[in-house]
Amino acid sequence: MKLTKFKNILFSILLLFVSQSIYSQSARIDSLKKEITKSTDDLQLIVLKNSLAYEFQQINPDTALLLAKEALVLSTKINDRKGQLNVLYTISLIYRHQGQRDSIQNYLQEAKRLAVELEDKFLLSKILNDYGTSFNGVTEKDSALHYFNTALQISKENGFLDQQFDILNDIGKNYKYNADYNQAENYFLQALDLQKEIGNKNYQAGILQNLGNNAGDANDLDKAIKYYEEALDLMETLQNNEGKAMILSLIAYHYMQKGYFPLSLEYYQKSLKFFEKLEYNGVIIQDLRGIGVVYEAMENYPKAMTYYQQILKIEEAGGKGGQTDIFNDIGRNYFLRAEYDML
Numbered sequence: 001m002k003l004t005k006f007k008n009i010l011f012s013i014l015l016l017f018v019s020q021s022i023y024s025q026s027a028r029i030d031s032l033k034k035e036i037t038k039s040t041d042d043l044q045l046i047v048l049k050n051s052l053a054y055e056f057q058q059i060n061p062d063t064a065l066l067l068a069k070e071a072l073v074l075s076t077k078i079n080d081r082k083g084q085l086n087v088l089y090t091i092s093l094i095y096r097h098q099g100q101r102d103s104i105q106n107y108l109q110e111a112k113r114l115a116v117e118l119e120d121k122f123l124l125s126k127i128l129n130d131y132g133t134s135f136n137g138v139t140e141k142d143s144a145l146h147y148f149n150t151a152l153q154i155s156k157e158n159g160f161l162d163q164q165f166d167i168l169n170d171i172g173k174n175y176k177y178n179a180d181y182n183q184a185e186n187y188f189l190q191a192l193d194l195q196k197e198i199g200n201k202n203y204q205a206g207i208l209q210n211l212g213n214n215a216g217d218a219n220d221l222d223k224a225i226k227y228y229e230e231a232l233d234l235m236e237t238l239q240n241n242e243g244k245a246m247i248l249s250l251i252a253y254h255y256m257q258k259g260y261f262p263l264s265l266e267y268y269q270k271s272l273k274f275f276e277k278l279e280y281n282g283v284i285i286q287d288l289r290g291i292g293v294v295y296e297a298m299e300n301y302p303k304a305m306t307y308y309q310q311i312l313k314i315e316e317a318g319g320k321g322g323q324t325d326i327f328n329d330i331g332r333n334y335f336l337r338a339e340y341d342m343l
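Mapping of the sequence shown onto the working numbering: position 306 corresponds to residue 306, and the numbering continues sequentially without gaps.
Because the hints were derived from the structure by calculation, they are not lab data. Please read these numbers as outputs of a predicted model, since none were measured by experiment. Any given hint could be a false lead.
[Said to hold, decoys possible] DEER-style ranges, computed between Cβ atoms:
1) E197 / N149: 19 to 27 Å
2) Q109 / N186: 41 to 49 Å
3) K34 / S143: 40 to 48 Å
[As the list claims (entries may be wrong)] Capping the alpha-carbon separation at 27 Å, the derived lysine-lysine pairs in DSSO-like fashion look like this:
4) K156 / K196
5) K226 / K201
6) K173 / K156
7) K69 / K33
8) K270 / K223
9) K156 / K121
10) K156 / K201
11) K34 / K82
12) K313 / K303
13) K277 / K313
14) K196 / K226
15) K277 / K303
16) K201 / K223
17) K38 / K77
18) K258 / K303
19) K223 / K141
20) K34 / K77
21) K121 / K82
22) K38 / K69
23) K258 / K270
24) K34 / K121
25) K273 / K201
26) K226 / K273
27) K313 / K270
28) K173 / K196
29) K223 / K258
Note that CB positions come from ideal geometry on N, CA and C, so glycine has one too.
With the sequences and hints as input, model every part of the structure.
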């Protein structure tokens, strides 16, 4: 089981409870569409189309880009500088989700020029931070940090606590990406302290997960588990079953890495129970695979096979017909059992 893929799946679950529901978003989209058809005011149309583009940025980027560029043309036509700034920033977000770095940076540069002109410090700090995140290569670490630190200074000077949190978190991620785990932990801890001041426990749990992931990447498994346990306590307080299941699965994985197999199985089973209720098949498969790997490490190969077979049934029921990873797991299991005729 690849840890990066595993953590990415779990992080996508984290977004489910941090963000608003798809139902709520659908209601906002319907409302904005109705308002657009009724509006005859150019300033209002710019705001409405930009807002609708923002809602569509991930679910329908082509439509989002069309709406945002219509709003940009209109804001330019009537010389609505604030409208232009907001639309340029929205377009950069759309390209960000598409991973088009040149387009991201071009629109952010134009947005930056307007933010400075309009003295919009809040949006300027967001623009500079986003520009920093657009540099994701090891050789570009210094460029990213320059923008991050400038954004952080503006946010501190103006008391933008939420924005300070985002920047500190992004700086931590940058250091983690560049394998500077001590510095990454330092910035994640600063973000955690700030979030305690703000009072959002969901985001505190997210930062604790980042701290755990960072410690795990640094091969400090005990520290990783410590941070995950703290995140788990918060999820218990929030009665957040998605969050609890996610953290339980991470703890299970790290106990497996430590060779504490009974504890690993205990946490995997707890996580699996939650995810089965939630019907999150992608993560159910990861947990089942984790349990199988643990039983293999304990040399209980038949038991491991029962979990691999469960994965195969889930994938076949979903029309996937079995994926390469699970066939590799089954093949490895037969090899370890010296049943070579089954390979």
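Here is how each hint holds up against the structure:
1. E197 / N149: 19 to 27 Å: holds, 21 Å
2. Q109 / N186: 41 to 49 Å: violated, 30 Å
3. K34 / S143: 40 to 48 Å: holds, 44 Å
4. K156 / K196: Judged against 27 Å, a Cα distance of about 16 Å means the pair holds.
5. K226 / K201: holds, 17 Å
6. K173 / K156: Holds, at about 20 Å.
7. K69 / K33: holds, 16 Å
8. K270 / K223: Given pair K270, K223 holds - Cα atoms ~21 Å apart, limit 27 Å.
9. K156 / K121: holds, 11 Å
10. K156 / K201: It holds: about 22 Å lies between the C-alpha atoms, which stays within 27 Å.
11. K34 / K82: Holds, because 24 Å separates the two Cα atoms, which is no more than 27 Å.
12. K313 / K303: holds, 16 Å
13. K277 / K313: Answer holds: K277 to K313 is near 18 Å, not above 27 Å.
14. K196 / K226: holds, 18 Å
15. K277 / K303: holds, 23 Å
16. K201 / K223: The given pair, whose Cα atoms are some 20 Å apart, holds under the 27 Å limit.
17. K38 / K77: holds, 21 Å
18. K258 / K303: holds, 21 Å
19. K223 / K141: Holds, at roughly 26 Å.
20. K34 / K77: Cα-Cα ~24 Å, so holds.
21. K121 / K82: Status holds; Cα separation ~13 Å.
22. K38 / K69: It holds: about 20 Å lies between the C-alpha atoms, which stays within 27 Å.
23. K258 / K270: holds, 19 Å
24. K34 / K121: violated, 32 Å
25. K273 / K201: The given pair, whose Cα atoms are some 24 Å apart, holds under the 27 Å limit.
26. K226 / K273: Holds, because 22 Å separates the two Cα atoms, which is no more than 27 Å.
27. K313 / K270: Answer holds: K313 to K270 is near 21 Å, not above 27 Å.
28. K173 / K196: Status holds; Cα separation ~19 Å.
29. K223 / K258: holds, 12 Å
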